[in-house]
Amino acid sequence: MPKRKLDPLPSAAFQILLSLTDGDRHGYSIMRQVEEQTSGHMRLGPGTLYSSIQALLEGGLIEEVTRRGDAEPGHERRRYYRLTASGRKRARSEAEKLADVLRVARARKILRGDYV
Amino acid sequence: MSKTIYALLLRLYPAQFRQAYGDEAMQLFHDRTRDEQGMWAKLRLWMDLVADMATSLPRAHRHADAVLVGFPSESVGASPRFQVLQLRAPGLRAFAYGGVLSVVVFGSLITWFGYSRNYRELHMWQGPTKHDLLVRDVAYSGRLSSAPTKSEMQGRRSATADGEAEIGAPRESAHVVLSSWGGGTGPSGFQSTQPSPAASPSSAEPQSMQPKVQNATAAMVEAIGAHQIVMLGEAHGDKQEYEWLCDLVKNREFAQRVDDIVVEFGNSLYQKSVDRYIAGEDVPVDQVQKAWRNMIGAVGPPSPVYAEFYSAVRAANLKRRGKHQMRIVLGDPYGDWEKIKDAEDLGPYLAHRDEWYAQVVKDEVLAKHHRALLIMGSGHFLRRNGPGLVESTIRAAGATPYLVVFGTNAVGGYDNLDQRFDAWQVPAIVSLAGNWVGELPAMPVVTGGTAPATPLKLSDAVDALLYVGPRDALTEVRMPRAELDGTPYGNEIARRLSIQMGHPVDFLSEQTEVPQFPRPQPRPPTNDGARPPLPPMPKSIHDPLPSRPPSQ
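Protein sequence lines correspond, in order, to chains A and B.
Just so you know, this note's numbering puts 25 at position 25 of the first sequence, and the rest follows in order with no gaps.
Just so you know, this note's numbering puts 513 at position 397 of the second sequence, and the rest follows in order with no gaps.
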């Protein structure tokens, strides 16, 4: 079976890694966080979300964590995911690549206005 | 029905994927259908799902392993056994079925959400349609907005300067520009002459459109039992609302169930004093009252209802000594008015009010797996383009809050009162799903008719409505001028107002009680015909929150 490719890192996978930088999350929480951090531009559907999660698990960039069920009903079906050390490293390296692209774009005066 | 459809669509994925993530995918779908109410949101959800399937299905099949899908015969000793391997991706026929199913689903949804909704409005209310509401929508001044982000502050300022937003009396200006004491509900200068869609009572509504009007305390007890977080969007200083809240905390079941009450009307610098006070210790009133008197978000003196609420929670805890105790958690930023000398000192705190409140909920409630009632101005909590910052933070942490907002029977402009509310026993909480109350335009209901109707529907903005009485019976309790003039606290309030507004202003009340929703008045003209001056925009509004000092 062909393994999913993570090089280059697909944007959905990168956004998932970013969403996990501040703590463990379950699928829906990841989806919401990605939506928020992309200003609503990316809403991951279940298929994309869980196939990306599967690829990231296989690549060792995230791991599933055992977590006590919350008090709310329905939580027993949720699985939480955590960024691994290599996942954090990969997210940083991906962000640095993007920063390089941004630097070039600014140098070429493609961008107008203030971008950080 | 929609769950069944999605469950069928999920079957198009490889068995391996379904076994690993089928339940989670269903849970995610369930979460989205619960959170994304309204025609557009539901349509968007299905469009997302179809787009998602179009991209993820081929990939899922390309990467699928051969998988054991059945055990048709038992293994007996060393005898041979058979297992079934799913080796092939679905053929063209499966995709054709999927396509047909999608068309059927979309067709049904569009018919159901579009045609039947309009049909109900046109034929049952006999009033204006959604289109009429859209036509009469006007730019809303932002008085109900939550604490602004940096860009929003800039945008709002420029919009105001461009004449796109209204500036009213000084008190109102403070709401607009500083967005302070958030989500306030006073005059906006708007006056509508249009009838509201719900202003004409109709007996033609089917039973399914009738709301279930519950006793507010019973409904709140039920809500706090079913949800880890219940959010209550309040009208600041409302007498009838706070009389009910003070009764609520006395309720045995409520007190047993709730761990924390997170309030906007308490400066978190004073958490330590409030913890001791609420736990029943003797704390000098001069110390503990700093929590509500020194609020960063307040413009002018705080309503006395807040002191009464703290006192009611303390009394309830004292009566329940040895049993489960409630805690008041302070959600206002920790700025110290004794150190705030000008607008630059104040700016970072004002700019991060919602962020700080959300952080407090995360740290003090969610991280401890507590149950909590969150109280904040309704403007902070209303869902306009989806959940606000506080609710988003809670949802991102995995909890599903229930949102109740104070409202009344004004359903159009100031003079449009809906008589159907008269039959309700107050105080009441009404769940808004699937009834005519939920179909009302949100803005007039939550502002007593002082803000115009917009397309935002009440059931899209909140989960339930708190109704404590008809609009004209509601009163706001104020600290009157007689209690402030010539006192050190009165002088301090004048100093703070001067910092907040950029110049000295005086809008203290002569009375202890005033109508909660006074009739909107046109803006007072200035001598030169120009708009009143805007408060200066502190440069520090872009700064992060300073580090938190030790609690007092």
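Derived by calculation from the structure, the hints in this document are not laboratory data.
The structure presented is a predicted model; accordingly, all values stated were derived computationally and were not measured.
Among the clues, some could well be false.
[Said to hold, decoys possible] List time: in silico DMTMM-like cross-link candidates among lysine to aspartate or glutamate, alpha-carbon distance up to 25 angstroms:
hint	chain 1	residue 1	chain 2	residue 2
1	B	Lys573	A	Glu36
2	B	Lys573	A	Glu35
3	B	Lys478	A	Asp22
4	B	Lys484	A	Glu64
5	B	Lys478	A	Glu63
6	B	Lys119	A	Glu35
[Stated by the list, open to error] Simulated restraints on C-beta separations:
hint	chain 1	residue 1	chain 2	residue 2	range
7	A	Glu64	B	Leu434	25 to 31 angstroms
8	B	Asp363	A	Gly23	34 to 40 angstroms
9	A	Ala95	B	Glu626	33 to 39 angstroms
10	B	Asp538	A	Asp22	47 to 53 angstroms
11	A	Leu111	B	Thr171	42 to 48 angstroms
12	A	Arg103	B	Ala123	33 to 39 angstroms
13	B	Val219	A	Lys89	42 to 48 angstroms
Even glycine gets a Cβ: it sits at the ideal position worked out from N, Cα and C.
Verification of the hints:
At roughly 23 angstroms between alpha-carbon atoms, lysine 573/B and glutamate 36/A fall within 25 angstroms of each other, so this suggested pair holds. Straight-line distance between C-alpha atoms of lysine 573/B and glutamate 35/A comes to about 23 angstroms, which keeps the hinted pair within the 25 angstroms bound. Distance hint between lysine 478/B and aspartate 22/A is fulfilled; the C-alpha atoms sit about 12 angstroms from each other, no more than 25 angstroms. Restraint check: the Cα-Cα separation between lysine 484/B and glutamate 64/A comes to about 22 angstroms, which is no more than 25 angstroms; the hinted pair holds.
Pair hint lysine 478/B plus glutamate 63/A holds up; C-alpha atoms about 23 angstroms apart against a cutoff of 25 angstroms. At roughly 23 angstroms between alpha-carbon atoms, lysine 119/B and glutamate 35/A fall within 25 angstroms of each other, so this suggested pair holds. For glutamate 64/A and leucine 434/B, the hinted distance range of 25 to 31 angstroms is not satisfied, since their beta carbons lie about 46 angstroms from each other. A hinted range of 34 to 40 angstroms for the beta carbons of aspartate 363/B and glycine 23/A is consistent with their spacing of about 38 angstroms.
Against the hinted window of 33 to 39 angstroms, the Cβ-Cβ separation of alanine 95/A and glutamate 626/B comes to about 59 angstroms, which falls outside the hint. At roughly 49 angstroms, the beta carbons of aspartate 538/B and aspartate 22/A sit within the given window of 47 to 53 angstroms. Separated by about 29 angstroms at the C-beta atoms, leucine 111/A and threonine 171/B break the suggested range of 42 to 48 angstroms. About 48 angstroms separates the C-beta atoms of arginine 103/A and alanine 123/B, a value inconsistent with the hinted range of 33 to 39 angstroms.
In this structure the hint that valine 219/B and lysine 89/A lie 42 to 48 angstroms apart at CB holds, the actual value being about 46 angstroms.
Violated hints for the displayed structure, listed by number in ascending order: 7, 9, 11 and 12.
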